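A.B. asks: So you can see what is in the structure, the chains are spelled out below.
There are 2 protein chains.
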Amino acid sequence: MNSSPKRFLIALLATAGTFAICGAEPAADAKQAVRKVLNDQVKAWNKGDLNGFMEGYWNAPELSFYSGGKKTRGWQATLDRYRKKYQGEGKEMGKLTFSELDIEMLGQEHALVRGRWHVMFAKDRAAGLFSVVFRKMAPGWRIIHDHTSSE
Amino acid sequence: MNSSPKRFLIALLATAGTFAICGAEPAADAKQAVRKVLNDQVKAWNKGDLNGFMEGYWNAPELSFYSGGKKTRGWQATLDRYRKKYQGEGKEMGKLTFSELDIEMLGQEHALVRGRWHVMFAKDRAAGLFSVVFRKMAPGWRIIHDHTSSE
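Line by line, the protein sequences are chains G and X. Each step along the first sequence adds one to the number in the working numbering, with nothing skipped, and position 114 is 114. Each step along the second sequence adds one to the number in the working numbering, with nothing skipped, and position 127 is 127.
Be aware that a few hints might be false.
[As the list claims (entries may be wrong)] Listed next, with one range per pair, are the computed distances between beta-carbon atoms:
#1 Phe121/X <-> Lys70/G: 17 to 27 Å
#2 Gly68/X <-> Ala77/G: 20 to 30 Å
#3 Asn59/G <-> Asp124/X: 35 to 45 Å
[What the hints assert, rightly or not] To spell it out: a stretch of chain G is covered by chain X in this simulated footprint if at least three of its residues, at any positions, have a beta carbon under 8 Å from a beta carbon of chain X; those stretches are:
#4 76-87
#5 104-110
Quick caveat, the hints were computed from the structure, so don't treat them as lab data. Just so you know, these numbers come straight off a predicted model, no measurement behind them. Just so you know, even glycine gets a beta-carbon here, dropped at the ideal spot from N, CA and C.
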């Protein structure tokens, strides 16, 4: 083996390394994976499965959830907030739908999702806008920040 | 020159290439640049300079601004919204401050900024949370999406 094939091999490995560092998942696949997380959240909500719904969120103390001037920090606190708001005394989870979804890739490892949420209760409805930032993690795409506001 | 230094040189160039492809601005510099845009916005606002304040936003029809269940799309529409809300008949711009700023890099080209906004008027005050996504562009870091909610 002379030095030329060796050099080619080194260059090839270096190129492969570049792709590995920059991340190579095509944007369409990433968007589809993000959309699936949101769809799974809606399915879980509509089965009354709040823990299943929470699987879309980063299970970490750094998760942040902003709503109506109030900050909630951490996965557990976010779950507790949902429980209090939708499973407390005299509360109901209702039927959740998302609409006007816009998934925008922010590089290879993050995505911004803008959308509108709607919850139909037995005798009432609630709705508003949300903006969430997803990060690609080992277990999949997870929400690291959620800013929700009501109409 | 034997093959060892050559291989080292090739590896070095490949590494340099990786940095060039992935983007090389250190996170601390990027965060400082983002912070400066926000500081400049506050300065402009407090001089009553809404056009100067708007320089922090992406000057494009794709800019999005979410607040209180209402979507505003595009730089011009966002400026018009601010004008109506803060410079209309009997309105005042007040004194703006940001607090609890958290700037988080999302890769090399995007940043998520979480914070609280406060506006002190002559006889009143308003406050709330905001989440903005910045993108690095040729003219500098610009807000591509703003989700603001009131207390």
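A.B. asks: Look at each hint and say if it fits the structure.
C.D. replies: Hints, verified against the model:
{"no.": "1", "hint": "Phe121/X <-> Lys70/G: 17 to 27 Å", "result": "22 Å, holds"}
{"no.": "2", "hint": "Gly68/X <-> Ala77/G: 20 to 30 Å", "result": "24 Å, holds"}
{"no.": "3", "hint": "Asn59/G <-> Asp124/X: 35 to 45 Å", "result": "41 Å, holds"}
{"no.": "4", "hint": "76-87", "result": "violated (count 0)"}
{"no.": "5", "hint": "104-110", "result": "holds (count 5)"}
Taken one by one, the earlier hints fail for this structure only at number 4.
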